[in-house]
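For the protein sequence lines, the chains are A and B, in the order given.
Heads up: the first sequence begins at 1 in this note's numbering, then just goes up one per residue.
Heads up: the second sequence begins at 347 in this note's numbering, then just goes up one per residue.
Hint data in this document are derived by calculation from the structure and do not stem from the laboratory.
Where is the CB? At the ideal position from N, CA and C, for every residue including glycine.
Any given hint could turn out to be false.
[As the list claims (entries may be wrong)] Stretches of chain A that chain B covers, calculated by requiring three or more beta carbons in the stretch to come under 8 Å of a beta carbon on chain B: (1) 37-51; (2) 89-98.
[Stated by the list, open to error] Computed list of lysine to aspartate or glutamate pairs in EDC-like fashion (alpha-carbon distance at most 16 Å, straight line): (3) B:K366 <-> A:D54; (4) B:K682 <-> B:E617; (5) B:K373 <-> A:D54; (6) B:K640 <-> B:D613; (7) B:K508 <-> B:D469; (8) A:K8 <-> B:E569; (9) B:K350 <-> A:E223; (10) A:K8 <-> B:E367; (11) B:K508 <-> B:D475; (12) A:K275 <-> A:E285; (13) B:K405 <-> A:E21; (14) A:K194 <-> A:E73; (15) A:K9 <-> A:E115; (16) A:K20 <-> B:D402; (17) A:K260 <-> A:E168; (18) A:K27 <-> B:E367; (19) A:K4 <-> B:E569; (20) B:K354 <-> A:E115; (21) A:K59 <-> B:E367; (22) A:K336 <-> A:E277; (23) B:K350 <-> B:E367; (24) B:K366 <-> A:D56.
Number of protein chains: 2
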Amino acid sequence: MNIKRLVKKEVSRLRAYNAKEIPCRIKLDANESPYDFRPALTVAKDISTNRYPDPDAAKLKRLLAGHLGVKEENILQGNGSDELIYYLIATFGGPVLYPVPTFSMYGIIARALGERTVEVPLDAEFDLDADKTLQAIRKEKPKLIFLSSPNNPTGNCFSSGKILKIVEKAAGIVVVDEAYQPFSSEKGFLPLLKDCNNLVIMRTLSKIGLAALRVGFMVAGAEIVAEVNKVRLPFNVNSLSQSIAVAALKDKKRLRNAVKTIMSERDRLFEGMQKIEGVRPFPSEANFILFAVKSPDKVYGALLQKGILVRNINDAVRGCLRVTVGTPEENSAFLKTLAGIIRNAR
Amino acid sequence: MNIKRLVKKEVSRLRAYNAKEIPCRIKLDANESPYDFRPALTVAKDISTNRYPDPDAAKLKRLLAGHLGVKEENILQGNGSDELIYYLIATFGGPVLYPVPTFSMYGIIARALGERTVEVPLDAEFDLDADKTLQAIRKEKPKLIFLSSPNNPTGNCFSSGKILKIVEKAAGIVVVDEAYQPFSSEKGFLPLLKDCNNLVIMRTLSKIGLAALRVGFMVAGAEIVAEVNKVRLPFNVNSLSQSIAVAALKDKKRLRNAVKTIMSERDRLFEGMQKIEGVRPFPSEANFILFAVKSPDKVYGALLQKGILVRNINDAVRGCLRVTVGTPEENSAFLKTLAGIIRNAR
Chain A
1 MNIKRLVKKE
11 VSRLRAYNAK
21 EIPCRIKLDA
31 NESPYDFRPA
41 LTVAKDISTN
51 RYPDPDAAKL
61 KRLLAGHLGV
71 KEENILQGNG
81 SDELIYYLIA
91 TFGGPVLYPV
101 PTFSMYGIIA
111 RALGERTVEV
121 PLDAEFDLDA
131 DKTLQAIRKE
141 KPKLIFLSSP
151 NNPTGNCFSS
161 GKILKIVEKA
171 AGIVVVDEAY
181 QPFSSEKGFL
191 PLLKDCNNLV
201 IMRTLSKIGL
211 AALRVGFMVA
221 GAEIVAEVNK
231 VRLPFNVNSL
241 SQSIAVAALK
251 DKKRLRNAVK
261 TIMSERDRLF
271 EGMQKIEGVR
281 PFPSEANFIL
291 FAVKSPDKVY
301 GALLQKGILV
311 RNINDAVRGC
321 LRVTVGTPEE
331 NSAFLKTLAG
341 IIRNAR
Chain B
347 MNIKRLVKKE
357 VSRLRAYNAK
367 EIPCRIKLDA
377 NESPYDFRPA
387 LTVAKDISTN
397 RYPDPDAAKL
407 KRLLAGHLGV
417 KEENILQGNG
427 SDELIYYLIA
437 TFGGPVLYPV
447 PTFSMYGIIA
457 RALGERTVEV
467 PLDAEFDLDA
477 DKTLQAIRKE
487 KPKLIFLSSP
497 NNPTGNCFSS
507 GKILKIVEKA
517 AGIVVVDEAY
527 QPFSSEKGFL
537 PLLKDCNNLV
547 IMRTLSKIGL
557 AALRVGFMVA
567 GAEIVAEVNK
577 VRLPFNVNSL
587 SQSIAVAALK
597 DKKRLRNAVK
607 TIMSERDRLF
617 EGMQKIEGVR
627 PFPSEANFIL
637 FAVKSPDKVY
647 GALLQKGILV
657 RNINDAVRGC
667 LRVTVGTPEE
677 NSAFLKTLAG
687 IIRNAR
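Please put together the full structure from these sequences, using the hints given.
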């Protein structure tokens, strides 16, 4: 049987997402936190491996609801926020609009589900182009709009005035993906949920030290949560991740200290990069920094040769690499190595 | 904004899957193993919670490939086999054909993804109705056919001759869901993979003591695996589940002993139920037994009142309940309580 011909056209055209692991000494490519939550792992020993997980993730949702000041009916848990993007698109369909460059999964998942995508370029300051976006909204009537703020890979928050305007004028749901919000000086869009019933906020535990668990969640009006819940697999968040997430989130001090250190290290990293002639870092509200160099492919390779892995995003943002904030030692090693590479290239 | 009107029609019509936990003393409702893998949990302490999981689940796939005698390129990992059903339907689309009664998720997920379903009733012996199925294949040309064998909730294996005929005549992919195969006296369809390139086998760790982890996998030709992999979320199986699954699967003796005990307890349970006048158990190749009683709703309620939770499937198979094989003590308690309830009802 000809398998290729059986596959849906939209899927057949796709290429598998390449997330291959590249060996390195200092891993600064994936926007992971350099700080783990080992103590929380002790709860794992009490799991009944033979029993299905709580399909409602009740304890986790109760804790999150308390932290965020919302009700449990406003929260939906995901196997990472990736899965919630899948579910949102399965629920509302397309077209799916998002600015570019941004987190690649919005487009990848929309295409996997056979939905049309509408991409609107950011302006020269990496902010939303409000005019073009509103124009695209009028013309394409997207069912879903994804706005990552702070945006990956650019690192900035979009102007909240522009986001608000888009929420107001949208013909469908607007998802503000706040994966990097904990590292931002802005307070995010949660307070607006009660006034905007087409607004969805996405958060994740992946950037604050728990990427191994795959726990993301969305916060929205109860009506949206109930609809998206219909397409959710009942046991999507496993027992270990539920329990460990609860234990880790209760350790507020560890959480807060890690985020504080990452933010101050980000600022030190930014200043250090500014001092290297030929390196232009962009201001960041996230746990990574986008930076421009003259020969990004070469600099990427030279860093890797020294054991330092960053993300090469020359294809998405011309001339740029992205470095995740690591431990103070890792950041110092990165700064020193980068300076050396640039100096030698002259 | 009117949220309900924004939702895709197919999703709007759905009801959320109800997997509420019902308090009980003896839990025999969910086809879980009564035996856990606590020792394997010790590997959890070595997980770096802050790092993303291996997107390829390389160690787990290597181990599974070795056990099954296939190549790693023939295996795709899922967050439970539920997720693989999602991915298969996203990849190949509908119509989706399956016999009824069977595992409810085939229909639920097909509808969530907006695909049409074709349901073909089983015959009086709960076997496939080959004529009606082949007729439906000719008429509806399903892109996907799901055959759970051993079948849930009936417990029997379908005739392998009929399955083969369907694989041969299908216009699309035939998925044989072997979730319960470890408890069966038949050897399953893995040996046929090399001759049938439209065949997919699904397996899971959920029934053999690891339901908490959410690890399922499919085995198929490399071409099918590569296509379905395109719609897979890169980090769908979390780090803890990968590591604990590997540790548990290496403990072959514990695995084998648990399955052996469950099989012999199933046979004892069957004989015990046969001896209760007014109870008609159906032969099972799985880790549960379907049984008919005169007033299933009443018997279900009376068992629960005594702290024993079984599954009421009176809506799917008229007059029937389903009991999962528990520990010897649990099974004895179930037999004694059931006999008492039936006796009192006279």
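(message) Under the constraints set out in the numbered hints, which ones does this structure not fulfil?
(response) Of the numbered hints given earlier, those the structure breaks are 6, 10, 12, 17, 18 and 23, listed in rising order.
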